[in-house]
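*Asks:* Spelled out from the first residue to the last, the chains are:
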Amino acid sequence: MKELEAVLIAFREGTHCEAGVWGGGEGRAAPTAIARSSAKVQMPDVLPGEPGQSVPGNFGTQLVTRVHSVRKVWLTVGPCDPGHTPEDRHVNLLMPVVAQFMKAALEVEHAATELGERYEEINLLYTIGEILGRTVTLEEAATTILTEISETVGARVASILVHDPATNTLNAVAALGVPTSQIPPISAADPTSVSARVFRTQHPLIVIGKGVTFGTESPYGRGEMLSVPIMWTTPSGGQPLGVVNLADRRSRQPFSAGDQKLVTAIATQIGTAIQNAKLVLASLDQQRLQQEMSLAHDLQMKLLPATNVVAPEAEVTARVVPAESVGGDFYQLFKMRDGGTGVMIGDVSGHGYRAALIMALAMSASAIHAQITASPGAMLGALTNSLREELEQTEMFISVFYGVVDPPNGTLTYANTGHPHAFVVSQEGTVTRLAAGNPPLGMTDDTPAAATLGWEKGKDLLVLFTDGISDARNAADERLGEERVMETIVEHREKKTSVILDEVFAMLGRHTRGIPSRDDLTLVVLRS
Amino acid sequence: MSFSIKKQGEVVVVDVEGQLIVGNRQELKQKVLDELEKGEKKFLIDFSQTGYIDSSGLGVLVSLSKKIREQGGELRLANLNVDLQTLFELTKLDTLFQISDTRERALESF
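The listed protein sequences derive, respectively, from chains A and B. Taking this note's numbering, the leading residue of the first sequence gets 1, the next gets one more, and so forth. Taking this note's numbering, the leading residue of the second sequence gets 529, the next gets one more, and so forth.
Incorrect hints may have been included.
[As the list claims (entries may be wrong)] Computed spacing ranges between beta-carbons, pair by pair:
1. 569(B) with 514(A): 41 to 51 Å
2. 371(A) with 530(B): 42 to 52 Å
3. 496(A) with 569(B): 53 to 63 Å
4. 393(A) with 614(B): 24 to 34 Å
5. 558(B) with 279(A): 29 to 39 Å
6. 167(A) with 614(B): 46 to 56 Å
7. 558(B) with 487(A): 38 to 48 Å
8. 569(B) with 308(A): 53 to 63 Å
9. 558(B) with 494(A): 50 to 60 Å
[Unchecked claim] Sample of chain B residues with no beta-carbon within 12 Å of chain A, all distances over it, derived:
10. 530
11. 532
12. 538
13. 541
14. 542
15. 543
16. 599
17. 601
18. 602
19. 626
20. 628
21. 629
22. 630
What the hints contain is simulated information worked out from the structure, not anything from laboratory work. Heads up, the beta-carbon is just placed ideally off N, CA and C, and yes, glycines get one too.
Construct all of the structure, not just a fragment, from the sequences and the given hints.
*Replies:* Structure, rendered in C-alpha cells:
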C-alpha cells in the first residue's frame, strides 16, 4: 500500500497530523495497519462505528472514523505536532481519498480471487478431460473425477449415479464420503428423490440445506446439495444417462450458480465417457458376434459334401453363397448302388440362423433316408416326416428337388416339391424343365410324386439352382431371370461342369455389379 | 409397403402394396388374424399392386390359409402378376390356393 502511504505522508506535511488506515482481519482477528504516515502512529484501542470519535493515546489524541462504503476499514487522524490538534476538517479532507483508494484496492482483490477460482475450475476441467481420455471404463475414472470436483466446490459427500434402463433405477458407480454400498438404487420414478427428479426433468437442482427431507438420498444428502443431470447430447437432442450429486459443503454456504455451471460442464464430459464406454463394449460384442458368425459360416459350408464323393460316375460342380453368414440353401450328393448318383437341392424359406438350422436338419435326415429309400418320391416323403414338427413350429418350408441319375439304365427319376428351377439340358441344347409335382415340404402332407425320363449318359446335364440366382437384382432393381441363366448354360453346355458354373456366376456378377444379394445363391451342375 | 383392409359384403379384402417379404409379413399376418378373431370367415388378398413375394411371404400365405380353414373360413387370392403366377405354378403353390384373375371374379366365387 505504498501509494496510500505517500498520500498519508503528504497529508502529515500539510496538516502536521499523523494519519493511519487500519483494516480488519478475517473473522475475529484484530485489525492491522494498511498504511500509516509514520511508525509513530499506533492503532487506537477503540474502533468505533460512524460517526468518528476522539480517542486518547500515549502520543496524543486520535480522531477515529470508519471509512464509508468499505467494510472493516478505519481512518485515524492524529496525534499531531505540538500546537496542532486533529480536527474534523482533516478527516473530511482525507476520507474521500482513502475511501476511493480502499474501494479500488478491494475490487482488485476480488478480481484476483475470482481469477483464482476460474483458474481452479479450468484446471479441474482440464484434469477431468485428461482422466477420461486415459481410461476406458467409467468406474476407473469416476472416483478420481469425484475427488477433483468435491475438492473444487468444497463438498464432503459426492456420488455419481448411472441409469439402468432395464430396471429404470439410478445406481451408484462411485461415491465419496459415504460407502457406495450405502447408496441404494433409486427408482427413476421416485417422487421424493432429488436425483430421480433431476434425472426426469433433465435440469440441475440446488437444494438449500435447512428443513429439507432428501427422501432416498437421506443417508448421504446432508446439508446443502447440488444435483446435476449427466447428459449425452446427440444431434437429435439430449438423453439423460445419470446424475452427479454433491452435498455437505465445508463452508455451509449453499451451492452457487457458478458451481452448478461448473458441475454441468463436467457432467457433460462424464456423459460422453459413459457413452464411449458403452460404444466400446458394443463394438467388442459386435466383433465377437462377427467371429461367431464367420465360424458358423465355416461350419455350415463343411456340412455340404465335396463334389468328388460321387466321382468318377458323376462330374459335379456346386456352389452355395449365403446372403448372410449362414443361409438356408443346400445341396446333397449320394453315391447310389449300380453306378447311380443321387442329387438334391433345397431352399429353406427365409435365411439366417433359423433357416440354417432347418438346413442342417434336412442335410442329416436326407443322408439317412437316401441310404434306405430308393424312390425319390418316398425319400422326400420320409424327409417331410422327419422335419414336419420343426417346420410346423417355425412356419418354414423347404423347396426340394431330389433326382437319381441312373446312366446304366439311361433314366433320371426325380421328385420335386416346390423347387422352381430344375432342368435337363441335352447335348443338342434342348432344355427340359423338371417341374414340381407338389408344393414345398411343410406346406402339405401329400406324398411327393415321382417322375422318370430318359438320360443320355455322359451327354445330358442336370442343372439345379435356387431363386436367389434368377431373382438377383441389379442397381435398377431388375431381376436376372431364369432365361439368362439357362442361355448361359446352353451356350457352354459341352464344357466341364466347373467351367459352366464359373460362366453363370461371371454373368451374374456382370448383372449385379456388386449389389449385395438378398437371398442365398446355389447352383449345381451334374454330368454322368 | 403397406396393407389396406376393407370389407366388401361379407368378404375381408386385403390389398398388398409393394412387396410381401420377410420384413413385413408379420404385419399382414397379424392384421388378417385380428379379423379372423373378430369372427370374419371370408378373406381375399389382392395382389394387383404387389411386385414381389419372397419365400417367407409365401410361408405366411400358407400359414394364414391353414389358420383360416381351421376356423371354417376361406382364403382366396386375386390379381397375381405374370411373375407371381409363374412362381405359384412352378412351386405348385397354385394347388394350395384358389386364385382368380380379377377381384370381381374372386368375390363372386365365395
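*Asks:* Hints first: check each against the structure and report whether it holds.
*Replies:* Results for each hint:
1. Separation of residue 569(B) from residue 514(A) is about 49 Å and conforms to the stated range, judged on CB atoms against 41 to 51 Å.
2. The given range of 42 to 52 Å is respected by residue 371(A) and residue 530(B), whose C-beta atoms sit roughly 49 Å from each other.
3. Range check, residue 496(A) to residue 569(B): Cβ separation about 58 Å, and the 53 to 63 Å hint holds.
4. For the pair residue 393(A) and residue 614(B), the beta carbons lie near 30 Å from each other, so the given range of 24 to 34 Å is met.
5. Range check, residue 558(B) to residue 279(A): Cβ separation about 35 Å, and the 29 to 39 Å hint holds.
6. For the hinted restraint 46 to 56 Å between residue 167(A) and residue 614(B), the CB-CB distance of approximately 54 Å keeps it satisfied.
7. Between residue 558(B) and residue 487(A) the beta carbon distance is about 43 Å. The supplied range of 38 to 48 Å therefore holds.
8. In this structure the supplied range 53 to 63 Å holds for residue 569(B) paired with residue 308(A), their Cβ-Cβ distance being about 56 Å.
9. One distance hint, 50 to 60 Å for the beta-carbon pair residue 558(B) and residue 494(A), holds here, with the actual separation near 53 Å.
10. Consistency note on residue 530(B): stated as away from chain A, and its beta-carbon is indeed over 12 Å from all of that chain's, at 19 Å minimum.
11. Every CB of chain A is more than 12 Å from the CB of residue 532(B) (nearest about 24 Å), matching its label as outside the interface.
12. The beta carbon of residue 538(B) sits about 27 Å from the closest Cβ of chain A, which is more than 12 Å, so the claim that it is off the interface holds.
13. For residue 541(B), the non-interface assignment is confirmed: its Cβ lies about 24 Å from the closest Cβ of chain A, beyond the 12 Å cut-off.
14. Every Cβ of chain A is farther than 12 Å from the Cβ of residue 542(B); the closest lies at roughly 18 Å, confirming the non-interface assignment.
15. The non-interface label for residue 543(B) is consistent with chain A: the shortest C-beta to C-beta separation is roughly 22 Å, beyond 12 Å.
16. Residue placement check: residue 599(B) keeps its beta carbon more than 12 Å from all beta carbons of chain A (closest about 17 Å).
17. With a minimum CB-CB distance of about 18 Å to chain A, residue 601(B) clears the 12 Å threshold, and the non-interface call stands.
18. A cut-off of 12 Å between C-beta atoms confirms that residue 602(B) is not in contact with chain A; the least separation is 17 Å.
19. Residue placement check: residue 626(B) keeps its beta carbon more than 12 Å from all beta carbons of chain A (closest about 14 Å).
20. Residue 628(B), annotated as away from the interface, keeps every beta carbon of chain A farther than 12 Å; the closest lies near 19 Å.
21. With 12 Å as the threshold on Cβ separation, the claim that residue 629(B) sits away from chain A holds: the shortest Cβ distance comes to roughly 21 Å.
22. With a least CB separation of 24 Å from chain A, residue 630(B) remains clear of the 12 Å interface cut-off, as annotated.
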